[in-house]
Amino acid sequence: MKHSFIRQLKQELPKWLEAGIIPPGTDHAILQYVEKDKVSKSSMLSINFAILGVILFGTGVITFFAANWDAMPKIIKLVLLFGVFWSAFVGANEFFKRDWNGLGHAMILLASILFGANIWLIAQIYHIDSHYPDGVLSWSLGAALAAYLLRSQASMVLAIALSLLWCGYEIIDFNHYFYWPFLLYLALLTYVVVQNKWRFSYHVLIIALIAWSYIQIIPIAKHWNDDLIFYMMQAYFIWFVCLFLLGFIVSSRPALQYHAYILSRYAALAAGIMVYIISIPVWFTHVDPVFDLAKQQAHPLGYINIALMVMAILLAVINFVVSDFKDRTKYLLFGYGVFATIVAVLCIKMFFGDDGTTEVLAVIFNIAYYCLLVWLIYAGVQREDRGLVNIGFIFFALALLARYIDTFWTLMNRSYFFMIGGLLLIVGGILIEKQRRKFTQQIELAKREKSHD
Amino acid sequence: MTKKILIVLAIQTLLLFYMIANKQWTLAFGDPIVLETQPIDPRSLFRGDYVILNYTISRIELNQVAGDNVFQTDDPVYVSLEKKGEYWQAVAVHQSFPDVGPQQKVIRGRVHYVNGNRYRRHRKLLAEDIRSINIRYGIENYFVPEGEGRELERRVPEREISIQVAVDSFGRAGIKAVLFNGQEEYVESLF
Numbered sequence: 001m002k003h004s005f006i007r008q009l010k011q012e013l014p015k016w017l018e019a020g021i022i023p024p025g026t027d028h029a030i031l032q033y034v035e036k037d038k039v040s041k042s043s044m045l046s047i048n049f050a051i052l053g054v055i056l057f058g059t060g061v062i063t064f065f066a067a068n069w070d071a072m073p074k075i076i077k078l079v080l081l082f083g084v085f086w087s088a089f090v091g092a093n094e095f096f097k098r099d100w101n102g103l104g105h106a107m108i109l110l111a112s113i114l115f116g117a118n119i120w121l122i123a124q125i126y127h128i129d130s131h132y133p134d135g136v137l138s139w140s141l142g143a144a145l146a147a148y149l150l151r152s153q154a155s156m157v158l159a160i161a162l163s164l165l166w167c168g169y170e171i172i173d174f175n176h177y178f179y180w181p182f183l184l185y186l187a188l189l190t191y192v193v194v195q196n197k198w199r200f201s202y203h204v205l206i207i208a209l210i211a212w213s214y215i216q217i218i219p220i221a222k223h224w225n226d227d228l229i230f231y232m233m234q235a236y237f238i239w240f241v242c243l244f245l246l247g248f249i250v251s252s253r254p255a256l257q258y259h260a261y262i263l264s265r266y267a268a269l270a271a272g273i274m275v276y277i278i279s280i281p282v283w284f285t286h287v288d289p290v291f292d293l294a295k296q297q298a299h300p301l302g303y304i305n306i307a308l309m310v311m312a313i314l315l316a317v318i319n320f321v322v323s324d325f326k327d328r329t330k331y332l333l334f335g336y337g338v339f340a341t342i343v344a345v346l347c348i349k350m351f352f353g354d355d356g357t358t359e360v361l362a363v364i365f366n367i368a369y370y371c372l373l374v375w376l377i378y379a380g381v382q383r384e385d386r387g388l389v390n391i392g393f394i395f396f397a398l399a400l401l402a403r404y405i406d407t408f409w410t411l412m413n414r415s416y417f418f419m420i421g422g423l424l425l426i427v428g429g430i431l432i433e434k435q436r437r438k439f440t441q442q443i444e445l446a447k448r449e450k451s452h453d
Numbered sequence: 001m002t003k004k005i006l007i008v009l010a011i012q013t014l015l016l017f018y019m020i021a022n023k024q025w026t027l028a029f030g031d032p033i034v035l036e037t038q039p040i041d042p043r044s045l046f047r048g049d050y051v052i053l054n055y056t057i058s059r060i061e062l063n064q065v066a067g068d069n070v071f072q073t074d075d076p077v078y079v080s081l082e083k084k085g086e087y088w089q090a091v092a093v094h095q096s097f098p099d100v101g102p103q104q105k106v107i108r109g110r111v112h113y114v115n116g117n118r119y120r121r122h123r124k125l126l127a128e129d130i131r132s133i134n135i136r137y138g139i140e141n142y143f144v145p146e147g148e149g150r151e152l153e154r155r156v157p158e159r160e161i162s163i164q165v166a167v168d169s170f171g172r173a174g175i176k177a178v179l180f181n182g183q184e185e186y187v188e189s190l191f
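Heads up: the sequence lines are chains A and B, in that order.
Mapping of the first sequence onto our numbering: position 343 corresponds to residue 343, and the numbering continues sequentially without gaps.
Mapping of the second sequence onto our numbering: position 122 corresponds to residue 122, and the numbering continues sequentially without gaps.
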């Protein structure tokens, strides 16, 4: 049981007694029951120290081998490698037998790290020079196996991080665009994470998915011009909006609500980064359309954007259908209106490139962008999701700063620019922070009232 | 829990043993051939020395050999080798494993990059554009005791370095020995 839950229970129990909800004497029985299973603060500390100790020990083992490697005969190297590796498992088993689960899991993590070290060291000993991302994948699979069978969340986090490294190598070093095997593997890991209800791992999974999306840009950006990079970023923005809407849809199922909220938050963050970049007015005025109507030809990226827009619209419709009626009228309709404006502006940009049109489009896009951020904050308050509120405020502040720089950098004397900018930042920062706290406190209050009901 | 720990330990250990067995199988049952090399010497992450070995068969001019002439980066490639003098040289290059006579061996590799006369849209070269291909066979890195890598490079002008490679029936190759002027200097073994 979490400390925060027990603390809250201790605050609520006297009120329940007073209200007659529970009979006298049962409050002690309830507290005894929940405190029996709680993980004490001191044991949490020892678990964290154990894991840190394991990581340091693992690093020490690797550097020890590295420093003395060439002096050892092959047979000694193999005995050491397998001996230390097996010892980690033996140690884990002994700790689990004694119910020292924290130390047991730390040893499982150590074993997972040593498995990877052994892969690379054996490759060096026997001059195995094959497709090196396969080595990283093997390491990740080993860690995932430990995570699944031994219920080791630390090994799962390692497996996810290694899978991203594997995919990164394939995409950047071997130019495997849109490396879909990563998605299949991630889906498998997601199943294990959801089955075990590992919240931290779930965060790491979503970050890995978004990082995979961003990594795709690297090999493509090397070969493409600015126009195509813009439409690629646009595609990413719409893709992240699709993930955001998916989170909203999934949140209608109570069992998956936590996962849905996390997905929406990270998708909002990722979409925010993309739309922040493409909102810079110079993109609109200097990028050519991706559909050349005169020559009747188009880059495939244009069709990808259209397909993603259609997917986003479909998801928006599904979300509208599954959502509560009060949510539709409260904030969904406004959000859809703003998003539809943004999609319309981007569509026009894909087909038309007249200078006069593009400047107007840039202005409309930026206005819609600000409206979208305001909507995000409002949606966060309505859904009692502080994460969305915080993301909305962060990007609102960043967008204001960016437009201030765009507008006044060339118009003002430098010293005035920095002085006024600094003052605006201080005052604006205070005002924005006040508003943000007001909204997040509103959410906390609403949550507490719900828990009393 | 003990049973599950044993399962994880067994599977991971088997994977590591498979790595060793796979390599040793090639060295034990592959046919030995000698390839000419030109070493370069960087440092490894683990502070050992290793050399990057460049072979005469690493770069193949397609108009000088038989076989296929359409390749892209990362394609698998099968090179037919024939002994000419002291060393084995490439005589043909194929997209799939070819049938060869008893005088020839086939070594498997992967196209590292394609050298062309000109670049077309999306960097896709057609047959008439491709001049040569650079191939990696998995025998390009060799770890030596610390300090000896630079010694290897210093010796290049005076001493001819060649590599004895074992090539198995699947075309996989493994380094058996490093030869200085035809004499074995470093020899690979299981232990």
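It cannot be assumed that every hint is accurate.
[Unchecked claim] Just some of the chain A residues that point at chain B, by a computed CB distance under 10 Å:
hint : residue
1    : 78
2    : 80
3    : 89
4    : 90
5    : 96
6    : 104
7    : 128
8    : 131
9    : 145
10   : 153
11   : 172
12   : 175
13   : 176
14   : 178
15   : 378
16   : 386
[To be verified] Some chain A residues well away from chain B (every beta-carbon gap over 10 Å; in silico):
hint : residue
17   : 3
18   : 28
19   : 74
20   : 122
21   : 125
22   : 130
23   : 142
24   : 161
25   : 168
26   : 421
[To be verified] Computed cross-link-like contacts, BS3-like style, restricted to lysine-lysine with a CA-CA straight-line distance of at most 25 Å:
hint : chain 1 : residue 1 : chain 2 : residue 2
27   : B       : 4         : A       : 97
28   : A       : 434       : A       : 15
29   : B       : 4         : A       : 197
30   : B       : 3         : A       : 197
31   : A       : 15        : A       : 97
32   : A       : 15        : A       : 197
33   : A       : 97        : B       : 83
34   : A       : 447       : A       : 434
35   : A       : 10        : A       : 447
In case anyone wonders, no lab produced these hints; they're calculated from the structure.
Every residue gets a Cβ at the ideal spot worked out from N, C-alpha and C, and that includes glycine.
Satisfaction of the residue 175 (chain A) interface hint, Cβ to chain B closer than 10 Å: holds, 7 Å
Pair hint residue 447 (chain A) and residue 434 (chain A), alpha-carbon separation not exceeding 25 Å: holds, 20 Å
Beyond 10 Å from every chain B Cβ - status for residue 130 (chain A): violated, 5 Å
Hint consistency between residue 15 (chain A) and residue 97 (chain A) [alpha-carbon to alpha-carbon, up to 25 Å]: Violated, at roughly 42 Å.
No chain B beta carbon within 10 Å of residue 421 (chain A)'s: holds, 44 Å
Minimum beta-carbon distance criterion (10 Å), residue 78 (chain A) to chain B: Since chain B brings a Cβ to about 7 Å from residue 78 (chain A), closer than 10 Å, the hint holds.
Hint validity - residue 131 (chain A) Cβ closer than 10 Å to any chain B Cβ: holds, 8 Å
Cut-off 10 Å, beta-carbon criterion: hint that residue 178 (chain A) touches chain B: violated, 15 Å
Pairwise hint evaluation, residue 83 (chain B) against residue 97 (chain A), where the allowed Cα distance is 25 Å at most: At roughly 62 Å apart (the allowed maximum being 25 Å), residue 83 (chain B) and residue 97 (chain A) break the hint.
Hinted pair residue 4 (chain B) and residue 197 (chain A), Cα distance within 25 Å: holds, 20 Å
Given pair status - residue 15 (chain A), residue 434 (chain A), alpha carbons within 25 Å: violated, 32 Å
Non-interface claim for residue 28 (chain A) versus chain B (Cβ beyond 10 Å): The claim stands: residue 28 (chain A) keeps its Cβ more than 10 Å from every Cβ of chain B (closest is about 34 Å).
The structure does not agree with the numbered hints 2, 10, 11, 14, 15, 16, 19, 20, 21, 22, 23, 28, 31, 32, 33 stated previously, though it agrees with the rest.
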